[in-house]
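Number of protein chains: 4
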Amino acid sequence: MKKIKAGVVGATGYAGAEICRLLFGHPQAELSAVSSVSFEGMALSQVYPAYYQVQDMVCGTQDEVVEKSDVVFAALPHGLSQELAAQCHQAGKVFIDMGADFRLADEAAYQEWYGGTYTDKALHEEAVYGLPEFFREEIKGKRLIANPGCYTTAVPLALAPALEKGLIEDRGIVCDCKSGVTGAGRKPTQGNHYPELNESFTAYKVVGHRHTPEIEQTLSRLAKEDVRVTFVPHLLPINRGILATCYARLKPGVTQSQIWEAYHERYDREFFLRLLPQGQVANVKNVRYTNYCDISLFMDARTSTFISISAIDNMGKGAAGQAIQNMNLSFGLEETAGLLLLPPAF
Amino acid sequence: MKKIKAGVVGATGYAGAEICRLLFGHPQAELSAVSSVSFEGMALSQVYPAYYQVQDMVCGTQDEVVEKSDVVFAALPHGLSQELAAQCHQAGKVFIDMGADFRLADEAAYQEWYGGTYTDKALHEEAVYGLPEFFREEIKGKRLIANPGCYTTAVPLALAPALEKGLIEDRGIVCDCKSGVTGAGRKPTQGNHYPELNESFTAYKVVGHRHTPEIEQTLSRLAKEDVRVTFVPHLLPINRGILATCYARLKPGVTQSQIWEAYHERYDREFFLRLLPQGQVANVKNVRYTNYCDISLFMDARTSTFISISAIDNMGKGAAGQAIQNMNLSFGLEETAGLLLLPPAF
Amino acid sequence: MKKIKAGVVGATGYAGAEICRLLFGHPQAELSAVSSVSFEGMALSQVYPAYYQVQDMVCGTQDEVVEKSDVVFAALPHGLSQELAAQCHQAGKVFIDMGADFRLADEAAYQEWYGGTYTDKALHEEAVYGLPEFFREEIKGKRLIANPGCYTTAVPLALAPALEKGLIEDRGIVCDCKSGVTGAGRKPTQGNHYPELNESFTAYKVVGHRHTPEIEQTLSRLAKEDVRVTFVPHLLPINRGILATCYARLKPGVTQSQIWEAYHERYDREFFLRLLPQGQVANVKNVRYTNYCDISLFMDARTSTFISISAIDNMGKGAAGQAIQNMNLSFGLEETAGLLLLPPAF
Amino acid sequence: MKKIKAGVVGATGYAGAEICRLLFGHPQAELSAVSSVSFEGMALSQVYPAYYQVQDMVCGTQDEVVEKSDVVFAALPHGLSQELAAQCHQAGKVFIDMGADFRLADEAAYQEWYGGTYTDKALHEEAVYGLPEFFREEIKGKRLIANPGCYTTAVPLALAPALEKGLIEDRGIVCDCKSGVTGAGRKPTQGNHYPELNESFTAYKVVGHRHTPEIEQTLSRLAKEDVRVTFVPHLLPINRGILATCYARLKPGVTQSQIWEAYHERYDREFFLRLLPQGQVANVKNVRYTNYCDISLFMDARTSTFISISAIDNMGKGAAGQAIQNMNLSFGLEETAGLLLLPPAF
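So the protein lines, in turn, are chains H, R, F and Y. Quick note on the working numbering: the first sequence kicks off at 1 and runs consecutively. Quick note on the working numbering: the second sequence kicks off at 1 and runs consecutively. Quick note on the working numbering: the third sequence kicks off at 1 and runs consecutively. Quick note on the working numbering: the fourth sequence kicks off at 1 and runs consecutively.
Hints may be right or wrong, so weigh each one.
Because identical chains share one entry, a pair is satisfied inside a single copy or across any pair of copies.
What the hints assert, rightly or not - Taking lysine to any residue pairs in the SDA-like style, the calculated list, with each CA pair at most 20 Å apart, reads: (1) Lys251 to Glu138; (2) Lys3 to Glu107; (3) Lys251 to Arg171; (4) Lys224 to Arg269; (5) Lys251 to Gly172; (6) Lys165 to Glu133; (7) Lys165 to Glu225; (8) Lys205 to Gly279; (9) Lys5 to Glu107; (10) Lys251 to Glu169; (11) Lys3 to Pro188; (12) Lys205 to Trp260; (13) Lys2 to Ala223; (14) Lys165 to His209; (15) Lys3 to Leu340; (16) Lys224 to Met1; (17) Lys251 to Asp170; (18) Lys205 to Pro277; (19) Lys205 to Leu276; (20) Lys224 to Thr303; (21) Lys251 to His78; (22) Lys205 to Met299; (23) Lys224 to Ala262; (24) Lys3 to Asp106; (25) Lys3 to Pro27.
Worth flagging that the hints you see were computed from the coordinates, not collected in a lab.
One chain only, chain H, in its complex shape:
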């Protein structure tokens, strides 16, 4: 069978580079073309010497990527994907957007949090939100997929079953999240300068991180009611991983076994979701370099609080891994193709 030709626009950013890495091991797809505004004409392996002699593809233009590919992954700053999406749409290519341009159904919310508008509303209506565990059937065969953000994957996976079953309140939810540094991208900043980040730990964008409306959109849709969350992200001095510690008020009378049952019922059949045995806590270390999401559940009876802790690799299930999963669904491949990886133990 001929392999699917997969191109990456913005291939030299972290998300783009990780898509290239996962495609290298994909049995039914192959990297067809890459582009980069900053590194046009340079090989991927000149930007990332880890790829030397293994993946030396040279960065071309965005148009070349569209031309040479069956599917285009776009890892662009928000606001730049809409035009490319239209171009791919016209050319009959599948478009998977790593950015936020197609994630919010509500244009007003996009305007409020991102400051842009939807230039082609018809196109936005075609877009599907690529969180396969919740919207699998919608994604299958679709040609325009908005790949969720990292926090916006970790938090809904932690909370959805409890909300779907009405076991927790839709108000008073606290999402205390911690992310590895790769989430902030490849561009050096003072805050991510090694001597300053090393041995540090802090929160950032304490009120007003742009993932807030996206988290609430997913949870509200699943809960079929208006869910609100307080979301505070923190920056970990590690490379990869998001730990989402989510707190919610239990509805009166809800028991521990109801909670566990809801999660087992919903997640046991999900290949990439690993519901941990009682007492074990999700750890970002255990999902690194893969598409798994580990979930651990706790109840604080003293305060009637439900605590769900999920862990993903922000570059895996939180970005590139999920994008491959969406590609697989779009093309009718095995959903796990190219993602059957054993996370390294150390």
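The hints should help you fit chains R, F and Y onto chain H, whose structure is shown.
Relative to the frame of chain H, chains R, F and Y by itself:
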């Protein structure tokens, strides 16, 4: 003036070693004797080569420490301090306990969370809880001081003014805390083995960490009502520091300026508490090796949630620094003596 | 085609666990059985939660591994492999030893550096030294392979072509090596306790590391003269990787182009050896989780010194990766089978 | 007694900020003024929030620093110190240069390695090289001091006694050095971006680092013969510290006791040099935040190689600490004033 003679029982543990380090720079106190069960007969600098030729004092017995000291700092596993406290009391020595044996006023709570009893109730009644910013007047001149734990310092400092002024609810408080590894002590474990902790992040003792009743005791006493918290500690792959991200429900109508006013009124005169300018976030990095506590305040109007984030060095304000501060209060010294340090920028 | 059945004795140590991980992705071999003295009866994923639901094989006995496998990888403390090797030999199984028992041709050297004897000399004569880039033809089809150590892979790969061609002196070689922590194994020690190793860097076993005679054996064999090295290992506060910075005296008149020519001639056809472009320096980061060895060459004309810097993953080319490579050679598979991996960029 | 007024030009760089930190604890000197081209008008604590409310001095101009200070520390890019030195000289201020402009006695060497010229030769003749352990008497009372670089402190301290006594050859010396990241400065770069440096290790400027002629100048002067070194620096993923592993050929017949005697004789009276007991190895961790240099000695009898390993804090003895030591010597203070610190154990 003759220097105060300060002895450390359990000097080779991390808290003990840090007390020795701070005493080295104290203008009115000096290390008089150290003991260690595991390293008796060895110099501190054989256990910590960083101290070589600078602090080479040899570990003797507990009795020698008591004999040679005006004040005894005890860094012992819980349960072992009560007898030593009695011995110091009889010998007329000031006793500062780094452990939990004298922290809880309620013996039933101690039994429930630590599994021991109070062998000498009269002695426990003499004990004062050594959180100077709240209980300064009680500590002055006292001879038996229970030095608070690390989380139990960071959380109350983050929340007290809002509770004291009745600006937040006493229910629904979430304390999502993250600690550096030194908090787990010097003894190697699988979880703290470098290859396993490095690039990892997880929560631990998700429900049921022993600092819970101590946090609630302090907050309830200050709020003059029964305060309950959900407390989840996490382990950071860094050496020093605690970041406490605390969430509380604002009482109806409470404004941002009321919150700020309450904190300024309460903390502006506190030397070691640094209320950060609006928008800045506390970072564990900025208080390392010192006794400072940085506090940053936020309001999530969308969800009526108050967020207070505090940062301390778990070995500084969370242990050894606060112990020195308590010694200073006990002996009538300047409260800042030996603690006038500029945190390293990197 | 039926997959090769591969068993791992000592599977819960780091080298063993990494062999299991690589086998998970091997197209022509599969994990058949694992054993562990410390964790018998427990699943691999109970020891390494990263493997949960992906590789949950339960640890059995050594005998079970031998019985169920075509090839047995032994990751045992030195001295324990000889008996197992004999058992495998009799049972007609291929035996790949991760330890030192079969590495030294000279029993006297083994006695001097390891303190043991060779219990079955005939068996030792059958053993081949598994450094494929130098001894490929000998390894093919062999049933008893001594997998080299980590330093003993990195140093010969850095120096061999220059020695083989007689371009550098066989005396005065300095091998300043730096290793990640996983090289010291899974057992927690004071030195590898996170707070003590973090932000530290030092040398260890400055004179007398056991890899010295093994390095000299390989280099002498390749140079066809008696080569001596000064070898000093250091411990890096990172998980994976060895950087070997090797210094040698250039023979009079040797030019830079002679050096480069020798390396290109020798290594250009080697899949796992990546000779870096002039000016680039090998970095342990670029080979992590894979079997590659990066090599970079420099000449200090001022001092007539040749400097070769190689980088491997101590758990990859320095242990498990090379073991898989040897298995492939022994069974007549593609040498790269299961090792066609793109190193992660971050 | 009136305190010495100490000003820092370039105070917001790492070396400048560390001088400010050490001055904070100095009993006889105080920070009088700071300047910064990039942050003029901002407080030090806006650049380094660790200093908030403790050291909030505002950055002014270079001229203000000169005017308000008895001693001016200049932490400037090379080439910019000469004019400022002249200005200070004329104004009768002591000038301590953290850069390279006055370090090399030989202008031709400066031209070759730095590409500049000496604009005022008379001024250069007044400059003294500020390595107190070797040139103490020259430094006392001097008004123009070239503070050595970090590598150029660590290597000579490791090798000098053996060279002074003629115990090692002046050819064939290898200096394999490893530095923490702060040595590369505060400006973010791709190489020091957290995700790229974390879990990495490599060498840089393998042949041709500018500290080479400075190291050779010091060693040649002490050995009274022309000493050549091969110097290769590496970058450690830690914040502070340099470990210099130095290899030299022993002269025929030299014994281990001769070596030890030479070092004891030379260093036992040096407060900041800690010659470690036999068998112990210097570790960067043990000197962090202080002015100490740890030295450990080894002999490889098999190869007649002497190995000396020294450890300093690149920002302490390698920069700011040594600058304070030089100030003390210049002003006739106790050499240890402000530097009597116990290195933290963790």
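Hints, one by one, checked against the model:
no.: 1; hint: Lys251 to Glu138; result: neither (31 Å within a copy, 43 Å between copies)
no.: 2; hint: Lys3 to Glu107; result: neither (37 Å within a copy, 54 Å between copies)
no.: 3; hint: Lys251 to Arg171; result: both (11 Å within a copy, 15 Å between copies)
no.: 4; hint: Lys224 to Arg269; result: neither (23 Å within a copy, 50 Å between copies)
no.: 5; hint: Lys251 to Gly172; result: both (12 Å within a copy, 13 Å between copies)
no.: 6; hint: Lys165 to Glu133; result: within (16 Å within a copy, 46 Å between copies)
no.: 7; hint: Lys165 to Glu225; result: within (12 Å within a copy, 35 Å between copies)
no.: 8; hint: Lys205 to Gly279; result: between (32 Å within a copy, 9 Å between copies)
no.: 9; hint: Lys5 to Glu107; result: neither (32 Å within a copy, 56 Å between copies)
no.: 10; hint: Lys251 to Glu169; result: both (6 Å within a copy, 19 Å between copies)
no.: 11; hint: Lys3 to Pro188; result: neither (36 Å within a copy, 41 Å between copies)
no.: 12; hint: Lys205 to Trp260; result: between (33 Å within a copy, 19 Å between copies)
no.: 13; hint: Lys2 to Ala223; result: neither (41 Å within a copy, 48 Å between copies)
no.: 14; hint: Lys165 to His209; result: neither (28 Å within a copy, 29 Å between copies)
no.: 15; hint: Lys3 to Leu340; result: both (18 Å within a copy, 18 Å between copies)
no.: 16; hint: Lys224 to Met1; result: neither (42 Å within a copy, 51 Å between copies)
no.: 17; hint: Lys251 to Asp170; result: both (10 Å within a copy, 19 Å between copies)
no.: 18; hint: Lys205 to Pro277; result: between (33 Å within a copy, 15 Å between copies)
no.: 19; hint: Lys205 to Leu276; result: between (30 Å within a copy, 15 Å between copies)
no.: 20; hint: Lys224 to Thr303; result: between (26 Å within a copy, 19 Å between copies)
no.: 21; hint: Lys251 to His78; result: neither (38 Å within a copy, 37 Å between copies)
no.: 22; hint: Lys205 to Met299; result: between (28 Å within a copy, 12 Å between copies)
no.: 23; hint: Lys224 to Ala262; result: within (16 Å within a copy, 40 Å between copies)
no.: 24; hint: Lys3 to Asp106; result: neither (36 Å within a copy, 52 Å between copies)
no.: 25; hint: Lys3 to Pro27; result: both (8 Å within a copy, 18 Å between copies)
When held up to the earlier numbered hints, the structure conflicts with 1, 2, 4, 9, 11, 13, 14, 16, 21, 24 and fits the remainder.
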